[in-house]
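J.: Protein sequence lines, in the order shown, are assigned to chains A and B. With the first letter of the first sequence counted as 1, position 6 gets the number 6 in my numbering; the numbers rise by one all the way through. With the first letter of the second sequence counted as 1, position 212 gets the number 212 in my numbering; the numbers rise by one all the way through.
Hint data in this document are derived by calculation from the structure and do not stem from the laboratory. Since we're looking at a predicted model, the values are computed, not measured. C-beta atoms are modelled at their ideal positions from N, C-alpha and C, and glycine is treated no differently. Please note that the accuracy of each hint is not assured.
[Said to hold, decoys possible] Residues on chain A that point at chain B, a partial pick, calculated with CB under 8 Å:
hint, residue
1, T75
2, G184
3, G188
[To be verified] Simulated restraints on C-beta separations:
hint, chain 1, residue 1, chain 2, residue 2, range
4, A, A100, B, Q229, 36 to 42 Å
5, A, V235, B, A104, 43 to 49 Å
6, B, G143, A, S161, 41 to 47 Å
7, A, G214, B, P133, 27 to 33 Å
8, A, A128, B, H49, 24 to 30 Å
9, A, A104, B, F207, 56 to 62 Å
10, A, T5, B, Q229, 46 to 52 Å
11, B, A54, A, V235, 53 to 59 Å
12, A, W26, B, A160, 41 to 47 Å
13, A, Q208, B, G236, 48 to 54 Å
14, A, V235, B, S210, 47 to 53 Å
15, A, A104, B, Q208, 48 to 54 Å
16, B, F207, A, A100, 25 to 31 Å
17, A, S161, B, F207, 18 to 24 Å
[What the hints assert, rightly or not] Rough simulated footprint, nothing fancy, chain B against chain A, three-plus residues with beta-carbon under 8 Å:
hint, stretch
18, 17-23
19, 160-173
20, 191-204
21, 228-235
There are 2 protein chains.
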Amino acid sequence: MPNPTAAMLVIGDEILSGRTRDSNLWYLAGEMTRAGIDLAEARVVGDDHASIVAAVRALSAAHDYVFTSGGIGPTHDDITADAVAEALGAKIGHRPDAMALLKAHYERQGLPFNEARARMARIPDGAALIDNPISVAPGFILGNVHVMAGVPNIFEAMLASVMPRLTGGAPLLSQNLRVMRGEGEIAGEFGRLAADFPDLSMGSYPFQQSGAFGTNLVIRGTDPARIDQAMMRLVGLFG
Amino acid sequence: MPNPTAAMLVIGDEILSGRTRDSNLWYLAGEMTRAGIDLAEARVVGDDHASIVAAVRALSAAHDYVFTSGGIGPTHDDITADAVAEALGAKIGHRPDAMALLKAHYERQGLPFNEARARMARIPDGAALIDNPISVAPGFILGNVHVMAGVPNIFEAMLASVMPRLTGGAPLLSQNLRVMRGEGEIAGEFGRLAADFPDLSMGSYPFQQSGAFGTNLVIRGTDPARIDQAMMRLVGLFG
Numbered sequence: 001m002p003n004p005t006a007a008m009l010v011i012g013d014e015i016l017s018g019r020t021r022d023s024n025l026w027y028l029a030g031e032m033t034r035a036g037i038d039l040a041e042a043r044v045v046g047d048d049h050a051s052i053v054a055a056v057r058a059l060s061a062a063h064d065y066v067f068t069s070g071g072i073g074p075t076h077d078d079i080t081a082d083a084v085a086e087a088l089g090a091k092i093g094h095r096p097d098a099m100a101l102l103k104a105h106y107e108r109q110g111l112p113f114n115e116a117r118a119r120m121a122r123i124p125d126g127a128a129l130i131d132n133p134i135s136v137a138p139g140f141i142l143g144n145v146h147v148m149a150g151v152p153n154i155f156e157a158m159l160a161s162v163m164p165r166l167t168g169g170a171p172l173l174s175q176n177l178r179v180m181r182g183e184g185e186i187a188g189e190f191g192r193l194a195a196d197f198p199d200l201s202m203g204s205y206p207f208q209q210s211g212a213f214g215t216n217l218v219i220r221g222t223d224p225a226r227i228d229q230a231m232m233r234l235v236g237l238f239g
Numbered sequence: 001m002p003n004p005t006a007a008m009l010v011i012g013d014e015i016l017s018g019r020t021r022d023s024n025l026w027y028l029a030g031e032m033t034r035a036g037i038d039l040a041e042a043r044v045v046g047d048d049h050a051s052i053v054a055a056v057r058a059l060s061a062a063h064d065y066v067f068t069s070g071g072i073g074p075t076h077d078d079i080t081a082d083a084v085a086e087a088l089g090a091k092i093g094h095r096p097d098a099m100a101l102l103k104a105h106y107e108r109q110g111l112p113f114n115e116a117r118a119r120m121a122r123i124p125d126g127a128a129l130i131d132n133p134i135s136v137a138p139g140f141i142l143g144n145v146h147v148m149a150g151v152p153n154i155f156e157a158m159l160a161s162v163m164p165r166l167t168g169g170a171p172l173l174s175q176n177l178r179v180m181r182g183e184g185e186i187a188g189e190f191g192r193l194a195a196d197f198p199d200l201s202m203g204s205y206p207f208q209q210s211g212a213f214g215t216n217l218v219i220r221g222t223d224p225a226r227i228d229q230a231m232m233r234l235v236g237l238f239g
């Protein structure tokens, strides 16, 4: 049975303007690989309602799981929750459970629970809340869409509480051989080896070191015995 | 007149598996901002022909410029050139101009110009070559699609030779105010300020420092006088 597939949607003008270098995609990719979920595609859109709605619809229909990051804070440019609700045809309002969480949090801190902070309790009807152990304002799961914060440590904490709920497949394993030869020199034999193991995925990643060209050869798959077999052939060719 | 729009397509299993953290999107985003081109969206797909074809078609139809990174090397998993040719309905083969470049390069290096290396001369008919000052194998421009290498220093060098050919608009400028208050405290007034300047884009980015919450408030736009006006109001509110 093939592994389930996932997609990521990164939301925020700050990523597309170059102000911020996203790290959540890279973090999610590693977690998906370990969980045996095939991260099949990712998209980045700005803080634009129509763009978020269109991307959520397309990704939600095409994949088992969708993960979003960004746009769930208290300010006017935080529009992810409303866009996800519209994309999936859900109503949205200030949910009592989220209001209670936030009210208690700000009372403990001695801070006013104002209109802007209450915005973070806008959660679609029928969504399950995602715990935020860092700044309390929750994420949520609506259908197969997991809506999380953009701030990396909050994204990572939310993902940790989501991971046990996901049904993964066989973890994607990999082995790596580093050779001090250029890609063009090993490509022919490497391609023939890849053709002999259609159940594995093989990639080559060139690098330069002290002016010399080298290549990292990576074999990925879910069956460790098959990866070992291919790796022995690879070492025989180039090791 | 609105600025031209662009999209980026990052291609490679290594990004979606978490092996490699992409830096090309972030680099391109900064260059587009400086050039006055609005990077409107980005996508990441794996080394899969159908996925690349579909993404190139969608992005090429929706934007003035498309930039791709990855998948133009000599190995079996380098399939970008063929996919871009199919997406735009162009024929592809070993182009004599690219063959000549590569043949001369490998002769100078005393390396065999083998079949794998010749693969890098597969360039669609009608495409213009993009110079590669680092490892010679060229990128290309077909229609509005700019096909470049994934290795960051080669991507950056190719982009440098492409930038002068692009028609940009007014560069996107930004000013930043750092306040040691939580987002929720300043969101109401910040949102009202943003509503007063619909021609500017305002974003808020929370951070934590020594346990306290702070927020970076960013004002973006193309008219420096308007940004100054808004910034004076912002400093009056929170400075």
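J.: Could you check the hint for me, namely that A104(A) and Q208(B) are 48 to 54 Å apart, CB to CB?
T.: violated (20 Å)
J.: Quick check on a hinted range of 47 to 53 Å for V235(A) and S210(B), using CB atoms only.
T.: holds (50 Å)
J.: Is the distance from the Cβ of W26(A) to the Cβ of A160(B) consistent with 41 to 47 Å?
T.: violated (25 Å)
J.: Does the Cβ distance between V235(A) and A104(B) fall inside 43 to 49 Å?
T.: violated (34 Å)
J.: Q208(A) and G236(B), beta-carbon distance inside 48 to 54 Å?
T.: holds (52 Å)
J.: State whether the coverage of the stretch 191-204 of chain A by chain B holds or is violated, taking the criterion as 3 or more residues with Cβ-Cβ distances under 8 Å.
T.: holds (count 7)
J.: Can you tell me whether the CB distance of A128(A) to H49(B) sits inside 24 to 30 Å?
T.: The hinted range 24 to 30 Å is violated for A128(A) and H49(B), with Cβ atoms some 37 Å apart.
J.: Holds or violated: the 41 to 47 Å window for the beta-carbon distance between G143(B) and S161(A)?
T.: Holds - the Cβ-Cβ distance for G143(B) and S161(A), about 45 Å, lies within 41 to 47 Å.
J.: If you check the beta carbons of T5(A) and Q229(B), does the distance land in 46 to 52 Å?
T.: holds (48 Å)
J.: Take a look at whether the Cβ-Cβ distance between S161(A) and F207(B) falls inside 18 to 24 Å.
T.: Between S161(A) and F207(B), where Cβ atoms are some 22 Å apart, the hint holds.
J.: Could you check the hint for me, namely that A54(B) and V235(A) are 53 to 59 Å apart, CB to CB?
T.: violated (37 Å)
J.: When I compare C-beta atoms, does the stretch 17-23 of chain A have three or more residues closer than 8 Å to chain B?
T.: Three-residue rule met by the stretch 17-23 of chain A, so holds; n is 7.
Checked against the numbered hints given earlier, this structure breaks hints 5, 7, 8, 9, 11, 12, 15, 19 and 21; the rest are met.
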